[in-house]
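J.: Let the hints inform the model, and build the full structure from the sequences given.
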Amino acid sequence: MNRRTFALFVLVAFAVSACNLPGGQGEPGDNNDADNLALTVTAQALLIQQGEGSQQPSAAPENTATPEFTATPGATSTPSVPQVTVSQNTNCRTGPGIVYDNIGALLVGQVGTVVGKNSSTGYWIINNPGKTGTCWLYPQYATVSGNTANLQEYSIPPTPTPSATPTSTPTATLAPPAAVANVVVAKICIPLIMPTFNYSGTLSWEDKSNNEDGFNIYFNGALFTTLPANTTVYAIPPIPLVAGVPATWGVEAFNAAGKSAVKDTVFACP
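Numbering follows our numbering, with no gaps: position 249 of the sequence shown is 249.
A couple of the hints might just be wrong.
As the list claims (entries may be wrong) - In silico SDA-like links for lysine to any residue, alpha-carbon gap of 20 Å or less:
1) Lys-263 to Glu-206
2) Lys-187 to Val-266
3) Lys-187 to Gly-221
4) Lys-263 to Val-185
5) Lys-259 to Gly-201
6) Lys-131 to Ala-105
7) Lys-259 to Pro-238
8) Lys-208 to Pro-176
9) Lys-263 to Asn-230
10) Lys-208 to Asp-264
11) Lys-187 to Pro-238
12) Lys-263 to Asn-220
13) Lys-208 to Asn-230
14) Lys-263 to Ala-178
15) Lys-187 to Phe-224
16) Lys-187 to Lys-131
17) Lys-263 to Asn-211
18) Lys-259 to Ile-217
19) Lys-208 to Ala-179
20) Lys-263 to Ser-209
21) Lys-259 to Ser-204
22) Lys-263 to Asp-207
23) Lys-263 to Gly-201
24) Lys-263 to Thr-231
Claimed, not checked - Okay, the calculated beta carbon distance ranges per label pair:
25) Pro-228 to Ile-103: 58 to 66 Å
26) Asp-264 to Pro-238: 16 to 24 Å
27) Lys-208 to Pro-160: 49 to 57 Å
28) Ala-172 to Pro-228: 16 to 24 Å
29) Asn-150 to Gly-97: 19 to 27 Å
30) Asp-264 to Leu-192: 22 to 30 Å
31) Asp-264 to Ala-235: 13 to 21 Å
These are calculated hints, taken from the structure and not from any lab test. Given the structure is predicted, the values throughout are model-derived calculations rather than measurements. All C-beta atoms, glycine included, are put in the ideal place defined by N, C-alpha and C.
T.: Written out as structure tokens, the structure reads:
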């Protein structure tokens, strides 16, 4: 029992006891006053009890506004296999640089499949567009989409061995042949009508060159005949000579570059 209920009980008890107290002869209406007092106390007690039992209704909780659903932007699809495009037509080679053979190209508008990378050079290794095998794509104009973290790391291949440039065999500068040596006349002098002799015999020499095209034979300074290369003996046809008059034979080697010095020998009949 709380304090208010207890106070109500005391007031009611007091009022009831007051109504039953014996009293002397009173004025008419005394009993009515007592009754009125009891009713008043009872009414107040009821009001107190009602007030105690009445509780201020708690305010209804305000409705919490339900947040509006915000649409999540659609996620951009990421290709499961990395792909590459280029802003300019780009060569694709067997390695990272122009020293490697050019074996393909990725053109603007094409999409290439990336299968590897070389982190030190930045090159991407892709399937060779329209061909078999792979090639190394120059990265400057390339844009790669997709996860490249797990791509195979490619090692730089050895540079190709340069094709041997044909070395032209230097053409030896042709020089004139060397002069002959040891020019000798073996003479035969047969008398005709004195003092004339019919002269014949052989002319011989030593070949000192290996590049002559032939030999010029001179008699008394005039070209007498021409002989082929590697000749060392010439049979002199009969020539009339005046007795005691010197005659000269000369031998000269020649080729396209020029002529050697003429080597002479002098003789006379008889």
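J.: Starting from the hint list further up, note which numbers the structure goes against and sort them upward.
T.: The structure breaks hints 5, 7 and 16; every other hint is satisfied.
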